[in-house]
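**Student:** Protein sequence lines, in the order shown, are assigned to chains A and B.
Counting in the numbering used here, the first sequence runs from 1 upward without gaps.
Counting in the numbering used here, the second sequence runs from 1001 upward without gaps.
Among the hints, a few may not be true.
[Unchecked claim] DSS-like mimics (lysine-lysine), calculated; alpha carbons at most 25 Å apart, straight line:
(1) A/K157 - A/K202
(2) A/K16 - B/K1348
(3) B/K1331 - B/K1041
(4) B/K1041 - A/K403
(5) B/K1348 - A/K331
(6) A/K348 - A/K157
(7) A/K14 - B/K1348
[Stated by the list, open to error] A few chain A residues facing chain B, derived, Cβ under 10 Å:
(8) F5
(9) D362
(10) T363
(11) A379
(12) G380
(13) G381
(14) G383
(15) R384
(16) M394
(17) R402
(18) K403
(19) A406
[What the hints assert, rightly or not] Listing some non-contacts, in silico: residues in chain A with all C-beta distances to chain B over 10 Å:
(20) P31
(21) D116
(22) K169
(23) D220
Please keep in mind that the hints were generated in silico from the structure rather than gathered at the bench.
Quick reminder that beta carbons are idealized off the backbone N, C-alpha and C, glycines included.
Number of protein chains: 2
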Amino acid sequence: MNLDFVSDLAVEAKSKVVLVVLDGVGGLPGPEGKTSLEAAKTPNLDDFARRGVSGFHDPVATGITPGSGPAHIGLFGYDPIEMVIGRGVLDTAGTSFEFRAGDLASRLNFATLAADGTVADRRAGRIPDEEGKRVLAKLAAEIKEIDGVEVLWQHVKEYRAAAIFRGKKLDGRLLDSDPQKVGKKPLEVVPAEDEPSPEAIKAAGLANKLIAQAREVLSDEPKANFIMMRGFDVYEPLPNFCELYKWRALAVAAYPMYKGVSKLCGMRVIEEGQSSLEDEFAIAEREFANTDFMFFHVKKTDSAGEDGNFEAKVKVIEHFDALLPRLEALKPEVLLITGDHSTPCSMKAHSWHPVPVCLVADTARVDAVASFGETAFIAGGLGRVHSTELMPLMLAHAGRLRKFGA
Amino acid sequence: MNLDFVSDLAVEAKSKVVLVVLDGVGGLPGPEGKTSLEAAKTPNLDDFARRGVSGFHDPVATGITPGSGPAHIGLFGYDPIEMVIGRGVLDTAGTSFEFRAGDLASRLNFATLAADGTVADRRAGRIPDEEGKRVLAKLAAEIKEIDGVEVLWQHVKEYRAAAIFRGKKLDGRLLDSDPQKVGKKPLEVVPAEDEPSPEAIKAAGLANKLIAQAREVLSDEPKANFIMMRGFDVYEPLPNFCELYKWRALAVAAYPMYKGVSKLCGMRVIEEGQSSLEDEFAIAEREFANTDFMFFHVKKTDSAGEDGNFEAKVKVIEHFDALLPRLEALKPEVLLITGDHSTPCSMKAHSWHPVPVCLVADTARVDAVASFGETAFIAGGLGRVHSTELMPLMLAHAGRLRKFGA
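Excised from the complex, chain A in its bound form (with noise of 0.2 Å):
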């Protein structure tokens, strides 16, 4: 849908929205042939899909299977193959820095580099935080600036950071550096098309002049002696969230990617720790007075997921489901409980299935559906959306979108 339209009928209203993303919670049977959600006891989720309407959405389109970046972009109603945020500029954006339109940003990992020239350790023995913002410090100190283009340098964690070129229109379609493999030697930046335009060949030099140049700057670091570029971005502004859709909306999220998307979108993001579950929770009671729209997102459903681990899954859903009470008694007008993507326990990633999500609110055309879970969900009053449906949905049942037409 596109996004003008639904952002011209966008009205003000008193109405909360809270949109829960239990991150890669869809899944495979498992045992007993039942996936991680109908395994798990769950007695709010599921008196959560008796008073609402269930269904599923799609990510991205039928059979893809979305990274982290585009399932979340949907989910905020942009289109998630148009609007692209790569990978430089996503992870950099769950820290501190600030973004201007322009930048082209580039994820770096601090390495190891044998006598010989060839990678002896592509993530240099795997440094701490402390000594990986050491080695960036190094860095931010001698470098500011190459051929006239600034050079902004980013702690991560451990040994990623980020660097940043500004001031001048650059192309970011170029190649990693990163060889993938020990034993090899790291890669020429090259412009990623055939006839790379001016920009990309001129932005490759630079990024081959930062990595010879950080070379010598770290030539005594016994373990971090090198830094690999990849995932090189132009950052671009997305339409801002809280303007499109005439609300304040906050990010509740406790892992710096989601933070992240959630800035690049213009929600306000709480930088405190967020360790546990239930700090997640305390949050949203803190802040929800000052909130009209909210996303929570729970990280480890996914984390279990990605490591095959069918019972950590299944508590981490019983843990949330213990804990939906509190979100149900801060009273949104609309409360919404899906998933980013899918995260089968069995496959140990992502994956393209349908995403179970439910809504309850007032105005839901309730359903016979009474327990959460992809077998139940079938039979939802929804149906199967696609993901940036489910923005206006939310808008509309809580009274933010006026009529379209006479």
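Let chain A serve as the given structure and place chain B on it in line with the hints.
**Tutor:** Relative to chain A, chain B alone:
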């Protein structure tokens, strides 16, 4: 779906199609957890569902509440977002007025202006039809052109009429002159855009001159001594429905607006009065032999929904159900019964909820649904489609679409 694509595949045939639109028929659970459709005793509709294939359609898009114009445009196969009909044109199209491409139409209210120039009554005491016609005739006799642009007048109902500018290229993106409140001065007509086109500036000037001249002409009227203009819109003809689908189409509708939208599509419209549902059925029977496609409109389901009168909506549905065998007795090859949108009694307004739809034809893949209602239709074989998909579906079941490709 692309209109040209479908039209290219359309072929003539002897088959007949009847599309019944129970306006605003979709609902939400009311007393005893049933919608109006579910609470109504509808032996004939239930039997119809048993013999057909059921499901839902979305009139415009998920979450979007449509006005009657876009909702019907979609049912007739036109993209309701792309092909917008403004209220000025829609209202007037229900009269005998014949639009020409490029006409700038405006709705017009007779109003009463107080001596101090403020609006004393926005509807001129709701003057009756004869009175409205009389004062409109005065205007039509005195004001035939302004600045070389022809001015045409059309009475609509009671205190409502239309003014149409013809003969120069004009832009209808103008704001209303109606201040919406009594005690305020009427507004000057100004362009809606920040950077208006020369054609919009010219149109605003014409409108303001028209209002000033009308004030003089009406100065001795006790009630209707002023006009207010709103809903400016330039008429652009829609692709002709009969040519697109290669058939003779007829609209049977009691209310002017539905006659109007049918006329704008190029359907034949029965102008004579249809004061009861029985009248509409009699016309359908009389005209069936000369018709390939019949649009049969039932208004009062929507009126009851807008009034929040659950029992009245049930009654209208039961009334239609009792008469349905008369339509079936005509033996159209395809009979489809749906609504243009939902109008839940609990909301007293149009809504975005998917609209129940059921099709009976020899080629229908009959499902297990055995009652006509929202909950039962979730299990229907049609699933959830877009309103614009129903026209190709009816054509297909009528043997009026040839195979695409070799």
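**Student:** Against each hint, give a clear statement of whether it holds in the structure.
**Tutor:** Each hint tested on the structure:
Only pairs whose Cα atoms come within 25 Å are accepted, and A/K157 paired with A/K202 is rejected, the gap being roughly 29 Å. Restraint check for A/K16 and B/K1348: the C-alpha separation of about 22 Å stays at or below 25 Å, so the hint holds. Pair hint B/K1331 plus B/K1041 holds up; C-alpha atoms about 24 Å apart against a cutoff of 25 Å. Annotation: proposed proximity of B/K1041 to A/K403 is violated, straight-line Cα distance about 31 Å (limit 25 Å).
A C-alpha spacing of about 23 Å is found between B/K1348 and A/K331, which places the hinted pair at or below 25 Å, so the restraint holds. Restraint check for A/K348 and A/K157: satisfied, since their Cα atoms lie roughly 24 Å apart, inside the 25 Å limit. A distance of roughly 20 Å separates the Cα atoms of A/K14 and B/K1348; the hinted pair therefore holds under the 25 Å criterion. Here the hint on A/F5 is kept, as its CB sits about 6 Å from the closest CB of chain B, short of 10 Å.
This hint holds: A/D362 has a C-beta 8 Å from the nearest C-beta of chain B, less than the 10 Å allowed. The beta carbon of A/T363 comes within 7 Å of a beta carbon in chain B, closer than 10 Å, and the hint placing it at the interface holds. Using the Cβ-Cβ criterion of 10 Å, the hint placing A/A379 at the interface with chain B is satisfied: the shortest such distance is roughly 6 Å. The interface hint given for A/G380 is met, as the beta carbon of that residue sits about 7 Å from the closest beta carbon of chain B, less than 10 Å.
The interface hint given for A/G381 holds, since its Cβ lies 5 Å from the closest Cβ of chain B, which is under the 10 Å cut-off. A cut of 10 Å between beta carbons decides the hint on A/G383: the least distance to chain B is about 4 Å, and the hint holds. Proximity of A/R384 to chain B holds as hinted, the smallest CB-CB distance being about 8 Å (cut-off 10 Å). The interface hint given for A/M394 is met, as the beta carbon of that residue sits about 8 Å from the closest beta carbon of chain B, less than 10 Å.
The interface hint given for A/R402 is met, as the beta carbon of that residue sits about 8 Å from the closest beta carbon of chain B, less than 10 Å. With 10 Å as the threshold, the beta carbon of A/K403 comes within range of chain B, its nearest partner Cβ sitting at about 5 Å, so the hint holds. At about 4 Å, the closest approach between the beta carbon of A/A406 and any beta carbon in chain B falls short of 10 Å, and the interface hint on this residue holds. Residue-level check passed: A/P31 sits 30 Å from the nearest beta carbon of chain B, beyond 10 Å.
Every CB of chain B is more than 10 Å from the CB of A/D116 (nearest about 59 Å), matching its label as outside the interface. Annotated as non-interface, A/K169 keeps its C-beta farther than 10 Å from every C-beta of chain B; the closest such distance is 28 Å. Here A/D220 stays apart from chain B, with its beta-carbon at least about 60 Å from theirs, past the 10 Å limit.
Going down the numbered hints, you'll see the structure goes against 1 and 4, while the others check out.
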